[in-house]
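Residue numbers (my numbering), protein chains in the order written: chain A, 3 to 307; chain B, 3 to 307.
Keep in mind that a hint or two might mislead.
[Stated by the list, open to error] Lysine-lysine pairs mimicking DSS-like chemistry, simulated, CA-CA at most 30 Å apart:
#, chain 1, residue 1, chain 2, residue 2
1, B, Lys155, A, Lys96
2, B, Lys100, A, Lys144
3, A, Lys144, A, Lys88
4, A, Lys52, B, Lys21
5, B, Lys160, B, Lys144
6, B, Lys268, B, Lys155
7, B, Lys52, A, Lys21
Hints were generated in silico from the structure; no laboratory data involved.
Now for the letters of each chain:
Number of protein chains: 2
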Amino acid sequence: MIEFSVTVLGSGSAIPTSKQNPSSQLVTYNNNRYLIDCGEGTQMQMIKHKVRHSHLDNVFISHLHGDHFYGLIGLLNSFHLMRREKPLHLFAPKDLEKVIEVHLEVSNTTLYYPLIFHPLEDYDDQPLLDNDQIKISCFPLKHSIPVWGFLFKENELKRRLDKTFVEKYSPDFQQMADIKNGADFLSPDGELLSNESITLPPKPARSFAYCSDTAYLQSTGTYAKGVDLLYHESTFDNGMEALAKKTLHSTAVDAARVAKEAGAGKLMLGHYSARFQEDLNRLLNEAKEVFPNSILSREGETYFL
Amino acid sequence: MIEFSVTVLGSGSAIPTSKQNPSSQLVTYNNNRYLIDCGEGTQMQMIKHKVRHSHLDNVFISHLHGDHFYGLIGLLNSFHLMRREKPLHLFAPKDLEKVIEVHLEVSNTTLYYPLIFHPLEDYDDQPLLDNDQIKISCFPLKHSIPVWGFLFKENELKRRLDKTFVEKYSPDFQQMADIKNGADFLSPDGELLSNESITLPPKPARSFAYCSDTAYLQSTGTYAKGVDLLYHESTFDNGMEALAKKTLHSTAVDAARVAKEAGAGKLMLGHYSARFQEDLNRLLNEAKEVFPNSILSREGETYFL
């Protein structure tokens, strides 16, 4: 099966701790890597967890609070020093371009590679990226400044060869490839077997949604409808609804409600307030009450879809 | 003795590695802390090495290459989130103010505490800071963009009580304090003992110089004349003089020459190129050939003057 996974590089919120780095996740799809958010120290986390960035060509920044992008300029600069030549696409709120420009200006740097900036404000219904493997789009969340969630959706997969057909007719490699691409099959005794009769329906396309930072939002359940894995921030616990409302963050239960409303396969929590670093299970248990298939995001761990 | 020390938070150069963080050092003098340079991840290094920042009111940035300041905005932001109220003084090349302003603007942040910016360009012979304990000044180094070194010089210390006098006359606490401040002493039998006769000369004032990034410069030996501890970058080894010249960095031998010319007490190396992370002793041995009292800076270690 094609790899579709999420590696957590930072699971904490605004103030880093000895156990929690600021937000960053790396999505891998079939050897291509997509970085979502890039808090301070993300490049060190990549080194620590042996994540290679040779196939990283697209970076997505959800919003312009520091714990989601302060590590970006360091990463861009390291790519420059490593003489990267491939273009890097950056999808982010428009003001980030100013920040990058000022940084390059004061250090008198012209990047060695093309940095192609895509303001998230310019995208509405159209996808950010749609290649032959995956479609990535953004949707609005709700925080004290503009913020977007990201949806990664695998393209429709091909029909699969029916094992009984393969055993009976032993098609060669080229024939198998043709059948996967929709061809019918002419049997040795001259019978034309239709593609549908010798293949099984494709596995359902997998999808992942990333939601941070945000207050509870009913619309997220619609945007993330049916995702296999939903990452939703859960900064606070049950006792802290008032603070969550005030700061436009979510509790673990808010995250679980969204997962339930989306009909998600699995909910992954994160963006934990520093006060929970010794007791994340408290957040997990609260989420499970509402949405049993909840898990904690842990730095350095990879979660497969 | 009053503590005067340097804690190394980052010892690497432009590209971080699993063993080396970008430049940052923390000077402690009598419980006051002074941060020099602040590469990405410095606040995490402070947490990791249990360095408290409660007495950190002054930050010094040598130049605007990313590995010397990309961690600053994160530190400033954390102070803000922790509701720091005390002013923070920032001594840095003038353009850094623009970088900070853009960051605050795009995240719609007004810092909770006063950040007082002091452009290094405005200082010439006058010290950056001169309190009742220490005098801090800057001096020019030579790199591809403007860069300054920093000199920390302890104020003249007071004369010390002569032990034989104390044993003979057992002065009380107040009398001892007065004598340290220059008072004479009236002995029980009516004899006036001059201050000079009952005290010893003060210990020599200690000093520390920080030099990064820079090509070899003869003038540094003058600015750092007689320092107890000289930190001088040593990015490259003996075989790489040409690259050092081209990039306006120093070899370990360049650093040792400066230490020798300054008549420094001790030389501390650092800003190691990533290629030496497994064999720093090579740099150390080269430096020792020219200046025997050389040491390596190691992250998390504190060096006392």
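Inset, instruction - Would you mind confirming whether the straight-line C-alpha gap from A:Lys144 to A:Lys88 stays at or under 30 Å? - result: Roughly 34 Å between the alpha carbons, so the hint for A:Lys144 and A:Lys88 is violated.
Inset, instruction - For the pair supplied as a hint, B:Lys52 and A:Lys21, confirm whether the alpha-carbon distance does not exceed 30 Å. - result: Holds. B:Lys52 to A:Lys21 sits at ~13 Å (cutoff 30 Å).
Inset, instruction - Verify the proposed pairing of A:Lys52 with B:Lys21, using a straight-line Cα cut of 30 Å. - result: Status holds; Cα separation ~13 Å.
Inset, instruction - Below or equal to 30 Å on CA atoms is what counts here, so check B:Lys160 against B:Lys144. - result: Judged against 30 Å, a Cα distance of about 37 Å means the pair is violated.
Inset, instruction - Sort out whether A:Lys144 lies within 30 Å of B:Lys100, counting only the CA atoms. - result: Distance ~29 Å between B:Lys100 and A:Lys144 Cα, so the pair holds.
Inset, instruction - Please work out if B:Lys268 and B:Lys155 have their alpha carbons no farther apart than 30 Å. - result: 15 Å, holds
Inset, instruction - Would you mind confirming whether the straight-line C-alpha gap from B:Lys155 to A:Lys96 stays at or under 30 Å? - result: 46 Å, violated
Violated hints, in rising order: 1, 3, 5; the structure is consistent with all others.
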